[in-house]
Amino acid sequence: MAVTVRPVTRPARGLWEQVYLIEVLRGLGVTFRHFFVNLWRHVLALLGRRAAAGAVTIQYPEQPAVLGRRARTRHRLLRRPDGAPRCTACLLCETICPAKCIRITAEESPDPMVEKRARSFDIDVGMCVFCGHCVEACPVDAIHMDSSQVELASYTRAGMIWNMESLMREKR
Amino acid sequence: MIALAWSAVKVGYALGFGFGLAGLLGWVERKQSAVLQDRIGANRADIFGWRIIGLFHPLADGIKLMTKEDFVPRGVLRPFHGLAPALSLGCGLLCLAALPFGGEFQMAGRTWSLQPWPSPVGLVYVLAFLGLGVHGVVMAGYASGSNYGLLGGLRGAAQMVAYEVCMAAVLAGPMFLYGTLDLQEAVRAQGRLIGGVLPAWGVFTQPLAFLLFLVAGTAASKRIPFDLPEGESEIVGYHVEYAGMKFGMFMISDFVENIVVCGLGAALFLGGWQVPFVSLAGPLGAVLMLAAFLAKTCALLFLLMQVRWTLPRLRFDQLLDLGWKSLLPLALANFMLTVWAVWLLRRLSWL
Chain A
6 MAVTVRPVTR
16 PARGLWEQVY
26 LIEVLRGLGV
36 TFRHFFVNLW
46 RHVLALLGRR
56 AAAGAVTIQY
66 PEQPAVLGRR
76 ARTRHRLLRR
86 PDGAPRCTAC
96 LLCETICPAK
106 CIRITAEESP
116 DPMVEKRARS
126 FDIDVGMCVF
136 CGHCVEACPV
146 DAIHMDSSQV
156 ELASYTRAGM
166 IWNMESLMRE
176 KR
Chain B
-14 MIALAWSAVK
-4 VGYALGFGFG
6 LAGLLGWVER
16 KQSAVLQDRI
26 GANRADIFGW
36 RIIGLFHPLA
46 DGIKLMTKED
56 FVPRGVLRPF
66 HGLAPALSLG
76 CGLLCLAALP
86 FGGEFQMAGR
96 TWSLQPWPSP
106 VGLVYVLAFL
116 GLGVHGVVMA
126 GYASGSNYGL
136 LGGLRGAAQM
146 VAYEVCMAAV
156 LAGPMFLYGT
166 LDLQEAVRAQ
176 GRLIGGVLPA
186 WGVFTQPLAF
196 LLFLVAGTAA
206 SKRIPFDLPE
216 GESEIVGYHV
226 EYAGMKFGMF
236 MISDFVENIV
246 VCGLGAALFL
256 GGWQVPFVSL
266 AGPLGAVLML
276 AAFLAKTCAL
286 LFLLMQVRWT
296 LPRLRFDQLL
306 DLGWKSLLPL
316 ALANFMLTVW
326 AVWLLRRLSW
336 L
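First to last, the sequence lines map onto chains A and B. Each residue of the first sequence is one higher than the one before, starting from 6 at the first, in our numbering. Each residue of the second sequence is one higher than the one before, starting from -14 at the first, in our numbering.
Excised from the complex, chain B in its bound form (with noise of 0.2 angstroms):
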């Protein structure tokens, strides 16, 4: 019983995770653009003339897309346009189960876990869902009867089928280093210190793999300067039929990937819930696991963010040849200079 509710707790946390940032990315979105390019930004959302710097634009904007008609154009397929936006929101919001939010803390004599799902294959789940997702991507491109969606449906495939191949094989570097496809490890892997000072983070004992890593990133999740399924300048893309809250969905699980996809990279590269030189035990411990994990995710959603404000979006060839040509050997190169070198320093006995 206690078990259940614990999880019950866990799943919401995970849930509010995604869900809150994905309502604050969108404020986000706007204000840093705004900040960068020398604008305000949209300040004018306000309750009871309290603005409080245009966060409740997000609010307005839910509640617009809530009651707006839900138009649904002649010559759709039935059944999967309306499939198209659950599956899409539903393989994101999957993904968070496995991220690490937090580790293990001992409270009442009993031990209690602060990831939603504790699984021996997370990584391997978690890039399943993430790859599951372009499902809804192109099901909406082709139920539309819309020849500019089904460009934008082809478009996400095709990109995801060429950004799933590096992903997996940036990460097969650090998870080789690690030793596990568990996230709850791999994160445990990186507590230790190299030489007393520099925690065994990722992004130092694999730098060019989170390089790739963010690049091969912010692909799956479709951002700029890779968002071509969307183009809104050349194709509307693969949700130009839909209206109201279903185009909303499409929006929120956007936002939803970028979010596990950074929530991914802080685990596996930032250390996760490791605050480095400080043991975490106990209640208090898991507060700091939480708000650790909570920061790096941030940290690297605002870079993200501001590499979609600096980047124009890359020709469709540009993209491929980016991924096959470039991003993949780069990443095998990496896997196996891991392979080498963890060979060498086991044969030196230094690790």
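This is chain A alone, in the form it adopts within the complex (with noise of 0.2 angstroms):
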């Protein structure tokens, strides 16, 4: 492979930017625009008047945190129209899973139709990366990664297992 070089012409600084006076005051009035400008927008917030947010802070415990519509958070188990759980214990997820964080045992379904289902389903969220390996090698769409709950965390290491009950649970 040939090696290419691409020669880069650094741009050329003149008088004018050899001042740095000016440049400097530039950036000053960058800087001062947008002091001024949130200021103003503050005060207006403050006197009670409709105004363009001066900030784009959001005060994430008292406001919500706004998640990527895509966002991988906690697992949510899917039920079928009967209630039961989808899963059928078929082990893919746990099989799959890198962190090791998912345990299965499984038992004979009642349902002629389908051949096992899950007796029990934790999962360790301490352990879990939430690289979405579980959703993609569910065959049965039982598992997702969509509660959009991501304050997770507990006391104690028995209160980041999630099992089956619980990760059923809707947003919450």
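Since the hints were derived computationally from the structure, they do not count as laboratory data. For clarity, every value in this text was computed on a predicted model and none was experimentally measured. All residues carry an ideal CB built from backbone N, CA and C; glycine is no exception. Mixed in with the good hints, there may be bad ones.
Result set (SDA-like, lysine to any residue): computed pairs, CA atoms no more than 25 angstroms apart in a straight line [unchecked claim]: (1) LYS121(A) with GLU99(A); (2) LYS310(B) with GLY19(A); (3) LYS310(B) with ARG31(A).
To give an idea of the interface, some chain B residues facing chain A are shown, with a C-beta separation under 10 angstroms as derived from the structure [what the hints assert, rightly or not]: (4) GLN22; (5) LEU288; (6) LEU307.
Label-pair ranges, simulated between beta-carbon atoms [to be verified]: (7) ARG54(A) with PHE4(B): 33 to 41 angstroms; (8) LYS105(A) with LEU9(B): 52 to 60 angstroms; (9) PRO105(B) with ARG54(A): 48 to 56 angstroms; (10) ALA57(A) with PRO58(B): 46 to 54 angstroms; (11) PHE4(B) with VAL29(A): 24 to 32 angstroms.
Please assemble the complex out of the two chains, which come individually in their own frames, going by the hints.
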């Protein structure tokens, strides 16, 4: 493979830029504009007037965090129309999981058309790396990562383990 | 007895000026940067649910620094490690003594001066103690027993040498124009009006000197873009081995130096306590003088703070180049121009 050389010409600095003072003043112009425009908006908001926001900050614990539409959040187990979990305990998610955070125990399904079902389905969220492989691997679309729940902290390690019942709860 | 009490009042005012503004600057620094970067800034500290746009944060910071463990690492030079922050802060505070916070006013048949230490060599005194402050920085760097601290201290020394020379050369121009080294006299000399409309402030009679003074002053008080002794992204700086209030003292002394530089700038270039078109006499005039000086100092502080959040830090060779190769020749040229102009104007008997 031939090495290609692409000469990059440095932008020439004329006297105008080398004086530096003028460029500093231009920079100050930018920061002053931001400062006074934002200050004006803050004052308007303080006086109860409708104005554009003076800051892009999200005051997180009070204001909800804005998540992307495809953000991978805490897992959610989906149900069949009759309310039973869709999971057939095929263990594909447990197998593919790189963090080994899924543990499934299978049992016989009462439905003659389905071979197995999960007796327990535990996810240790503390070990999960949120890669989403379990969702990709599932052949029956039983697991999603769209609960929109990201506040998963717990005081104990045991508290980080989510069982089937809690995973089937809808949002929150 | 009255004189002593009045001196105590003035010293108290000077210290309050320094510490009060320094505490406020910590808040201003965070809030101003937040507003100009489209953020909200520190607003969580509250007393009984009152937040008052984050004004309690300096208080919380102070309490935190006071109650923190005073950790002294092994291998420091014992007396000097503790002495350095005191020296740094002390020199900054001593500068405040010669600032002309106000002129003189008549009350109860006496003349009261609002300057804590009226001195015929006030400017030399302020420059001297501003320069001496760097000994605290060098001492801190040397006594820390840490290479990074030492680097910070050396940077501080080289920077101070370069910019003290510039500072003195810059101020030679206005001082020649005012014909005095007494800061009070310098302020009085700016009380005239040029052509009846323009106050004869230094910023109008010595515009180049004002610009150079801002640059040299920022460098002398170790503020961004000249905060190489600190340089937290490369070397943590001369106070890397300090914890708790000892570190806090370095931080306050930086702010105090900044306040001194801005106060000096207000006195020499913005007419000090002068309020144009208003004659100041009596106690009401005294209040107005104090307010005018405070407002002018705050305006300069605001400007320097804005510069701090606008420019990135210089490289060290750029810093020394700017100091020795640009600032010093320009300052000397300004001085020569001033001398010639004054000579010419005297010749034409316009001055």
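- Which numbered hints are broken by the structure, listed smallest first? none
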